[in-house]
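Here is how the chains run, residue by residue.
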Amino acid sequence: MSSQPTGSGSRLTLDDLDVVVDADGHLKESVDDYLPYMDDEFAGVRKLIENSSHPPSEVFSHTRTTPGTYGGGERIGIEGRDVYTGSDGQTRDVKLSEMDKFGIDYSVITPTLTSGLSTVNNDEMAIALSQAYNDWVLAEILDRHEGLYTAITVAPQDPHHAAEEIDRLSDEDGVVGVLMPIGGLQPPAGARVYDPIYQAAEDNGLAMLYHGSTGQMGEHWPTMRKGLETNAEDVTLSHPTMVFPNFVTTMLRGVPERFPDLKHLFQEAGVAAVPYFIWRLDDQYLSKGEELPHVTKLPSEYIYDDELVYFTTQPVGHTARSPADLAKAIELAGPEIMVYAADLPHAAFDPPSELFDRIAGQLDDDTVRQIMGETAADLFGFA
Amino acid sequence: MVGEDYEIAAVEELSEEGSRVIAEIRGREVAVFNVGGEYHAMLNYCPHASGPLCDGPTTGRFEADPDSGRMTYDDEERYVQCPWHDWKFDITTGKNVHSNRYAVPTFETAVEDGTVYVRM
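Which chain is which? The protein sequence lines are V and P, in order. Residues 0 to 382 (numbering that gives the first Met the number 0) make up the first sequence, in order. Residues 0 to 119 (numbering that gives the first Met the number 0) make up the second sequence, in order.
Since the hints were derived computationally from the structure, they do not count as laboratory data. Predicted model only: the values in this text are computed from it and were never measured. C-beta: ideal position from N, C-alpha, C; glycine also. Incorrect hints may appear among the rest.
[Said to hold, decoys possible] Computed beta-carbon distance windows for the label pairs:
1) P:72 x V:272: 32 to 38 angstroms
2) V:322 x P:3: 21 to 27 angstroms
3) V:202 x P:27: 50 to 56 angstroms
4) V:17 x P:70: 47 to 53 angstroms
5) V:272 x P:91: 38 to 44 angstroms
[Claimed, not checked] Here are the simulated lysine to any residue pairs, SDA-like style, with alpha carbons at most 25 angstroms apart:
6) V:287 x P:42
7) V:296 x P:59
8) V:296 x P:73
9) V:296 x P:62
10) P:94 x V:295
11) V:296 x P:92
12) V:287 x P:63
13) V:296 x P:46
14) V:296 x P:48
15) P:94 x V:282
16) V:296 x P:75
17) V:287 x P:68
18) V:287 x P:64
19) V:287 x P:22
20) V:287 x P:89
21) P:94 x V:281
22) V:296 x P:80
23) V:287 x P:105
24) V:296 x P:36
25) V:100 x V:11
26) V:287 x P:85
27) V:327 x V:253
28) V:287 x P:62
29) V:287 x P:100
30) V:287 x P:67
31) V:287 x V:248
32) V:287 x P:101
33) V:296 x P:64
34) V:296 x P:91
35) V:287 x P:58
36) V:287 x P:96
37) V:287 x P:72
38) P:94 x V:279
39) P:94 x V:291
40) V:296 x P:101
So here's chain P without its partners, still in its complex pose:
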């Protein structure tokens, strides 16, 4: 099914890395984030307890060094943390950071004439 493009924000509103805009499209709240200069859209909905996922802070990610076992931190803020129970999802893929069982719908974005669109 071919989706339709929905205007969500002017490019200026999303010009800073880490900025976001949340808008309602066809009865659903969708967030668009600027991650590393690219726009990524995801549903503002946490599959854990239906919380407003995209209202939460963006974060980097802790990992374990496979050799030393020491904790490392990737400070690219590519992840959003639900304000209700701290579940974290990769904004660029919609996948839960800790388990591949859970994911949030993501949507294509497009920029045309200074406007950011979400395709749904």
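If we strip away everything but chain V, and leave its shape as in the complex, we get:
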């Protein structure tokens, strides 16, 4: 565990923190893990999925530019397929060992492959996968540790059914949010067609989480993706280009106005682009507000004054010119809207020290504590 002394007179160390929350703690699930949990109501599509030799491409449209360089290893932080499969039960403890290794007290569980639900062409299949994944997480993942929480992953193809899924599961222990799969989501998240999802989340006191991933890039920006040649290009672009259109449409189509008690967490877009997009939203609102009668004040006022929008810090990126650049970016974005996320076990993961060591001493100790865990604990209502 890193516990280096920090600059500018602060003696705060990671070990001093009361709480570290990973606001984006991934599973590495495969469809085979949760297919047994699919209700008999969906026996037909379940049979079709069972017949698939490669569900990521035949059920989902999950593609990559290249296989990447990280292959099938099982080291923590290394992308590996089927980490959670296997019948011996041992592999299911990977999430807990990650948390112990990195000193993470709480993880909000998010899927990997299943975060691409929007790319599932068959609507019934998408609904069935959502139900099976959610029930699998509740039955096999959450009760392993008191620090594990989850977000209900919904199929946006049928917003009314998604709302029923939220109502069905919201009272289960450990459910703290609703994950909107944004990679390839059409129309984007601000569209009124999704209001039943937002209404159900707000009614049940759950936060909305928005998560895309590299595997959905071919669906999300198909023409641009065709021109990408390497995994590095793909990964650099994929998450922010999925997050920001959904963030922008959510803000400009009045979702915060229609659902004033609904909080939103945008995941894996990093820190430094956040202030620019907020500034740009305000700028466009002031120039073209007549197009946006559903927005009645600056978008930044919904964010900062009403405390409705948050972003995870990961992946912070490499600040080669100065480690202090990250703290400057957080100050620009607003430290109160940034929450730490590890993204374990994905290869882009940020251990707590990666963020902590660059902000401790640069931001005041209370702010550091808030970013590392306290703000997320409040957002998700952890006891």
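With chain V fixed as given, assemble chain P onto it according to the hints.
For chain P alone, kept in the frame of chain V given last:
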């Protein structure tokens, strides 16, 4: 502080609704608009990027019906839109249409003997 009255135009120049006159008073450009038969004066200056606000078109205003959510349009042209970046201000109050954080100075007007005055 009691202001002084500055002659800005003859009433005939501002007789049509929607008409405007821009004049320089004590080194500052001030516009007087005829809105609904009343004269309103505001500084020809946009607080966004220092653009010539009052050179822009006058407009009505879009709003959302609170019940249906449908867009509505109030066609009373009580607003002026900056020609640089489209920021819009209420000519009668100087307030930005979209945010109460921004406003443009407005001035009292008076009419005497066929002449429109601005008090500054």
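Structure-based check of each hint:
1. For residue 72 of chain P and residue 272 of chain V, the hinted distance range of 32 to 38 angstroms is satisfied, since their beta carbons lie about 35 angstroms from each other.
2. The beta-carbon spacing between residue 322 of chain V and residue 3 of chain P, approximately 59 angstroms, falls outside the hinted interval of 21 to 27 angstroms.
3. Distance hint check: the CB atoms of residue 202 of chain V and residue 27 of chain P are about 54 angstroms apart, consistent with the given range 50 to 56 angstroms.
4. A C-beta distance of roughly 49 angstroms is found between residue 17 of chain V and residue 70 of chain P, which places it inside the suggested range of 47 to 53 angstroms.
5. A hinted range of 38 to 44 angstroms for the beta carbons of residue 272 of chain V and residue 91 of chain P is consistent with their spacing of about 40 angstroms.
6. Among the hinted pairs, residue 287 of chain V with residue 42 of chain P is consistent with the structure: their alpha-carbon atoms are about 22 angstroms apart, no more than 25 angstroms.
7. With a CA separation close to 18 angstroms, the supplied pair residue 296 of chain V and residue 59 of chain P stays within the 25 angstroms bound.
8. Between residue 296 of chain V and residue 73 of chain P, the direct Cα distance comes to roughly 19 angstroms. Compliance with the 25 angstroms bound is thereby established for this hinted pair.
9. With a CA separation close to 13 angstroms, the supplied pair residue 296 of chain V and residue 62 of chain P stays within the 25 angstroms bound.
10. For the hint linking residue 94 of chain P to residue 295 of chain V, the alpha-carbon distance of about 14 angstroms falls within 25 angstroms, and the restraint holds.
11. For a cut-off of 25 angstroms, the pair hint linking residue 296 of chain V to residue 92 of chain P stands: about 18 angstroms separates their Cα positions.
12. Proposed proximity of residue 287 of chain V and residue 63 of chain P is supported: the alpha carbons are some 14 angstroms apart, at most 25 angstroms.
13. As the CA atoms of residue 296 of chain V and residue 46 of chain P are separated by approximately 17 angstroms, the hinted pair is consistent with the 25 angstroms bound.
14. This hinted pair checks out: residue 296 of chain V and residue 48 of chain P have alpha carbons roughly 20 angstroms apart, not beyond 25 angstroms.
15. Distance restraint check for residue 94 of chain P and residue 282 of chain V: the Cα-Cα separation of roughly 17 angstroms lies within the 25 angstroms cut-off, and the hinted pair is therefore satisfied.
16. Using a Cα cut-off of 25 angstroms, the hinted pair residue 296 of chain V and residue 75 of chain P holds, with the two alpha carbons roughly 22 angstroms apart.
17. Pair hint residue 287 of chain V plus residue 68 of chain P holds up; C-alpha atoms about 18 angstroms apart against a cutoff of 25 angstroms.
18. For the hint linking residue 287 of chain V to residue 64 of chain P, the alpha-carbon distance of about 18 angstroms falls within 25 angstroms, and the restraint holds.
19. Distance hint between residue 287 of chain V and residue 22 of chain P is unfulfilled; the C-alpha atoms sit about 28 angstroms from each other, more than 25 angstroms.
20. As the CA atoms of residue 287 of chain V and residue 89 of chain P are separated by approximately 15 angstroms, the hinted pair is consistent with the 25 angstroms bound.
21. The straight-line distance between the Cα atoms of residue 94 of chain P and residue 281 of chain V is roughly 17 angstroms, inside the 25 angstroms bound, and the hint therefore holds.
22. Restraint check for residue 296 of chain V and residue 80 of chain P: satisfied, since their Cα atoms lie roughly 18 angstroms apart, inside the 25 angstroms limit.
23. For the given pair, residue 287 of chain V sits about 23 angstroms from residue 105 of chain P by alpha-carbon distance, which is consistent with the 25 angstroms threshold.
24. As the CA atoms of residue 296 of chain V and residue 36 of chain P are separated by approximately 30 angstroms, the hinted pair breaks the 25 angstroms bound.
25. As the CA atoms of residue 100 of chain V and residue 11 of chain V are separated by approximately 20 angstroms, the hinted pair is consistent with the 25 angstroms bound.
26. For the given pair, residue 287 of chain V sits about 7 angstroms from residue 85 of chain P by alpha-carbon distance, which is consistent with the 25 angstroms threshold.
27. For a cut-off of 25 angstroms, the pair hint linking residue 327 of chain V to residue 253 of chain V is broken: about 30 angstroms separates their Cα positions.
28. For the hint pairing residue 287 of chain V with residue 62 of chain P, the CA-to-CA distance comes to about 12 angstroms; that is within 25 angstroms, so the pair holds.
29. Only pairs whose Cα atoms come within 25 angstroms are accepted, and residue 287 of chain V paired with residue 100 of chain P is accepted, the gap being roughly 16 angstroms.
30. For a cut-off of 25 angstroms, the pair hint linking residue 287 of chain V to residue 67 of chain P stands: about 21 angstroms separates their Cα positions.
31. At most 25 angstroms may separate the alpha-carbon atoms for a hinted pair to count; residue 287 of chain V and residue 248 of chain V meet this at roughly 14 angstroms.
32. About 15 angstroms separates the Cα atoms of residue 287 of chain V and residue 101 of chain P, which keeps this hinted pair within 25 angstroms; it holds.
33. This hinted pair checks out: residue 296 of chain V and residue 64 of chain P have alpha carbons roughly 16 angstroms apart, not beyond 25 angstroms.
34. In summary, the hint linking residue 296 of chain V to residue 91 of chain P is supported, as the alpha carbons are separated by about 20 angstroms, within the 25 angstroms threshold.
35. Of the pairs offered as hints, the one joining residue 287 of chain V and residue 58 of chain P holds, with about 13 angstroms between alpha carbons and a cut-off of 25 angstroms not exceeded.
36. Taking the CA atoms of residue 287 of chain V and residue 96 of chain P, the gap is about 11 angstroms. The hint holds against a cut of 25 angstroms.
37. Between residue 287 of chain V and residue 72 of chain P the alpha-carbon distance is near 14 angstroms, which keeps this suggested pair within the 25 angstroms criterion.
38. Proposed proximity of residue 94 of chain P and residue 279 of chain V is supported: the alpha carbons are some 21 angstroms apart, at most 25 angstroms.
39. Under the criterion of a C-alpha separation no larger than 25 angstroms, the hint pairing residue 94 of chain P with residue 291 of chain V is consistent with the structure, at around 18 angstroms.
40. Under the criterion of a C-alpha separation no larger than 25 angstroms, the hint pairing residue 296 of chain V with residue 101 of chain P is consistent with the structure, at around 12 angstroms.
Hint violations for this structure: numbers 2, 19, 24 and 27, all remaining hints satisfied.
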